[in-house]
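Participant: Sequence:
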Amino acid sequence: MSLPQRDEQHHTYGEYLQWPDDRRYELIDGVAYAMTPAPTRRHQEVLLEIARQVANALLHHACKAFIAPFDVRLPKGDEADEQVDTVVQPDLSVVCDPDKLDERGCRGAPDWVVEVLSPATASHDHRLKRAVYERAGVPGLRHLTWGRAGTCSENRREYVHVSSTSASLPPKFSEQVPAPLFNSLCH
1 MSLPQRDEQH HTYGEYLQWP DDRRYELIDG VAYAMTPAPT RRHQEVLLEI
51 ARQVANALLH HACKAFIAPF DVRLPKGDEA DEQVDTVVQP DLSVVCDPDK
101 LDERGCRGAP DWVVEVLSPA TASHDHRLKR AVYERAGVPG LRHLTWGRAG
151 TCSENRREYV HVSSTSASLP PKFSEQVPAP LFNSLCH
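Residues in the sequence shown are numbered consecutively from 1, following this note's numbering.
Derived from the structure by calculation, the hints contain no laboratory data. If you're wondering where the values come from, they're calculated on a predicted model, not measured in any experiment. The reader is advised that the hints may include incorrect statements.
[Said to hold, decoys possible] When the alpha-carbon atoms are kept at most 25 Å apart in a straight line, the in silico PhoX-like pairs for lysine-lysine are as follows:
no.	residue 1	residue 2
1	K64	K100
2	K64	K76
3	K100	K76
[Stated by the list, open to error] The calculated label-pair distances, taken between Cβ atoms and stated as ranges, are:
no.	residue 1	residue 2	range
4	R23	P119	34 to 42 Å
5	G14	A38	26 to 34 Å
6	W19	D102	18 to 26 Å
7	Q83	R42	35 to 43 Å
8	R127	H10	17 to 25 Å
9	E15	G137	20 to 28 Å
10	V31	H61	13 to 21 Å
11	P98	D78	18 to 26 Å
12	N56	H10	37 to 45 Å
13	E82	R41	32 to 40 Å
14	H61	Q18	34 to 42 Å
15	R23	L101	22 to 30 Å
16	H60	P37	17 to 25 Å
17	A80	Q44	33 to 41 Å
Every residue, glycine too, gets a C-beta built ideally from N, C-alpha and C.
Work out the full structure: start from the sequences and follow the hints.
Facilitator: Here's what the structure looks like:
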């Protein structure tokens, strides 16, 4: 498969909120991308294990973990929510600043994002969304992919130093994830 279907017309979060909820979308610079149908079973297994371990590691922290669907609005300035034209749904978002959270999701860059790549979304997530996260100032981004045999590889793009042998969270977190997170869940 290729990129999710896209609508080149310029859209905003205000319009996005009016769309039928029978299909998920992301907005990137006003371009609407229809999300692919439900993720595969393996994608969900990997995501659930990541989310479980991260959520456990954050039990005594102010930071919170959220899994998709969870709207992350990335304004370019101080525009009103309805005018924001970039809204993404990372597979996993970690947010440490409670002021960024509201009933709609997160406004501003999460502190950590994980995207579990699948053949249908790899190009979109790896190139287009990576550029969006970098522009928005997301401190930590990880991409995970897995092969036909079910083995998994980690493709890290970090804006902070992270050990290659364990899954560290960005410096805002006071401790590392206590398990070899990515090594254990990918096999």
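Participant: Now look at each hint and say whether the structure bears it out.
Facilitator: Do the hints match the structure? See the list:
no. : hint                   : result
1   : K64 - K100             : holds (11 Å)
2   : K64 - K76              : holds (23 Å)
3   : K100 - K76             : holds (15 Å)
4   : R23 - P119: 34 to 42 Å : violated (20 Å)
5   : G14 - A38: 26 to 34 Å  : holds (27 Å)
6   : W19 - D102: 18 to 26 Å : holds (19 Å)
7   : Q83 - R42: 35 to 43 Å  : holds (38 Å)
8   : R127 - H10: 17 to 25 Å : holds (21 Å)
9   : E15 - G137: 20 to 28 Å : holds (25 Å)
10  : V31 - H61: 13 to 21 Å  : violated (35 Å)
11  : P98 - D78: 18 to 26 Å  : holds (19 Å)
12  : N56 - H10: 37 to 45 Å  : holds (41 Å)
13  : E82 - R41: 32 to 40 Å  : holds (37 Å)
14  : H61 - Q18: 34 to 42 Å  : holds (36 Å)
15  : R23 - L101: 22 to 30 Å : holds (25 Å)
16  : H60 - P37: 17 to 25 Å  : violated (37 Å)
17  : A80 - Q44: 33 to 41 Å  : holds (35 Å)
Violation of the numbered hints given earlier is confined to hints 4, 10 and 16; the remaining hints are satisfied by the structure.
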